[in-house]
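Asker: Here is how the chains run, residue by residue.
2 protein chains.
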Amino acid sequence: MAQPAVCFEDFVIGQRFDAGSVTVDGDEVLAFATRFDPQPFHIDQQAAEKSIFGGLIASGWHTCSMMMRLMVDGYLRDSSSMGSPGIDDIRWLKPVRVGDVLRVSSTVLDIVPSTSRPDRGVVMTLWEAYNQKDELVATIKGRGLFLRRAQ
Amino acid sequence: MAQPAVCFEDFVIGQRFDAGSVTVDGDEVLAFATRFDPQPFHIDQQAAEKSIFGGLIASGWHTCSMMMRLMVDGYLRDSSSMGSPGIDDIRWLKPVRVGDVLRVSSTVLDIVPSTSRPDRGVVMTLWEAYNQKDELVATIKGRGLFLRRAQ
Numbered sequence: 072m073a074q075p076a077v078c079f080e081d082f083v084i085g086q087r088f089d090a091g092s093v094t095v096d097g098d099e100v101l102a103f104a105t106r107f108d109p110q111p112f113h114i115d116q117q118a119a120e121k122s123i124f125g126g127l128i129a130s131g132w133h134t135c136s137m138m139m140r141l142m143v144d145g146y147l148r149d150s151s152s153m154g155s156p157g158i159d160d161i162r163w164l165k166p167v168r169v170g171d172v173l174r175v176s177s178t179v180l181d182i183v184p185s186t187s188r189p190d191r192g193v194v195m196t197l198w199e200a201y202n203q204k205d206e207l208v209a210t211i212k213g214r215g216l217f218l219r220r221a222q
Numbered sequence: 072m073a074q075p076a077v078c079f080e081d082f083v084i085g086q087r088f089d090a091g092s093v094t095v096d097g098d099e100v101l102a103f104a105t106r107f108d109p110q111p112f113h114i115d116q117q118a119a120e121k122s123i124f125g126g127l128i129a130s131g132w133h134t135c136s137m138m139m140r141l142m143v144d145g146y147l148r149d150s151s152s153m154g155s156p157g158i159d160d161i162r163w164l165k166p167v168r169v170g171d172v173l174r175v176s177s178t179v180l181d182i183v184p185s186t187s188r189p190d191r192g193v194v195m196t197l198w199e200a201y202n203q204k205d206e207l208v209a210t211i212k213g214r215g216l217f218l219r220r221a222q
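If you read the protein sequences in the order shown, they are chains A and B. Just so we're aligned: 201 in this note's numbering is position 130 of the first sequence, and the numbers increase by one with no gaps anywhere. Just so we're aligned: 116 in this note's numbering is position 45 of the second sequence, and the numbers increase by one with no gaps anywhere.
For the record, the hints were derived by calculation from the structure and aren't laboratory data. Some hints here could point you the wrong way.
No distinction is drawn between identical chains; accordingly, a pair holds when it is met within one copy or between any pair of copies.
Each computed DSS-like pair below joins lysine-lysine, with the alpha-carbon atoms no more than 30 Å apart [what the hints assert, rightly or not]: (1) LYS121 to LYS212; (2) LYS121 to LYS204; (3) LYS121 to LYS165; (4) LYS212 to LYS165; (5) LYS165 to LYS204.
Okay, chain A solo, but in the shape it has when bound (with noise of 0.2 Å):
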């Protein structure tokens, strides 16, 4: 069986990877927020406009799923990965609307070798996504758990 490109021994803290970006669809803001997060801000157009954030909003859950697609894109989807314990923290700092595009990176944090299971490790990263005015919006501090490449 072929070997994944990116395994465990692979990361080194501090590196930086650019996942590229995606463009904030309306009706895709409209569909996730209606069947996960109904609140008025995020489906309806008139409440949003008289709310803080002055127009209709991504939900927050919608923006760490696009980040999330732009990794296994960029990376997981030929990794080693088996998954994620959790996350460490979420920042939505900026609102995310319907057109804005975000670009998305992850930055290696720490790298953990598992002390029971040699044959994996836990990979600490940051994800940040910066809009088209490159406003930081949303940042995740996250775990993945990698297998080491078989021997």
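We have chain A already, so just place chain B on it with the hints.
Answerer: Chain B in isolation, oriented as in the chain A frame:
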């Protein structure tokens, strides 16, 4: 204008809110992951069976989004919520599978009045999701910004 049912001053530390349950839908697991998290163990039945999970599992972002919806239906929709500045941590503790029934609750951990803006404050909550086997599958510690009731 009618006051929202739930405002900042209505939260009490330790208060627990039962947000009901959701059954994890197979089509939605595939649709969500295909769009946002297309890793093999989320979208490819055969690859998932060979993975450490032994079968398809929902994206962790999908699990969080399902939890969010229960909270919106439960109390956020008719509240003075102004959105969330962020999440303090997420733990994905057990795989979430198609057909699982997730019961979700919210417990108030802390209440922090704004020092600069007396009309609002942050409520810190712990959201917990248990499956039908009473296993804790996911937790989210998050922050919500709420207005006080208008005087």
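Asker: Each hint should be assessed against the structure and marked as holding or not.
Answerer: Cross-check of the supplied hints:
With identical chains, the CA atoms of LYS121 and LYS212 are at most 30 Å apart between copies only, with a shortest distance of 29 Å across copies and 32 Å within one. For the homomeric pair LYS121 and LYS204, the shortest alpha-carbon distance inside one copy (23 Å) is at most 30 Å, but the shortest distance between copies (44 Å) is not. Within a single copy, LYS121 and LYS165 get their C-alpha atoms as close as 17 Å, which meets the 30 Å cut-off; across copies the closest is 41 Å, which misses it. Within a single copy, LYS212 and LYS165 get their C-alpha atoms as close as 17 Å, and across copies as close as 20 Å, so both meet the 30 Å cut-off.
Taking the shortest alpha-carbon separations for LYS165 and LYS204, only the intra-copy value of 11 Å comes in at or below 30 Å, while the best inter-copy value is 39 Å.
Against the hints set out earlier in the document, no violation occurs for any number.
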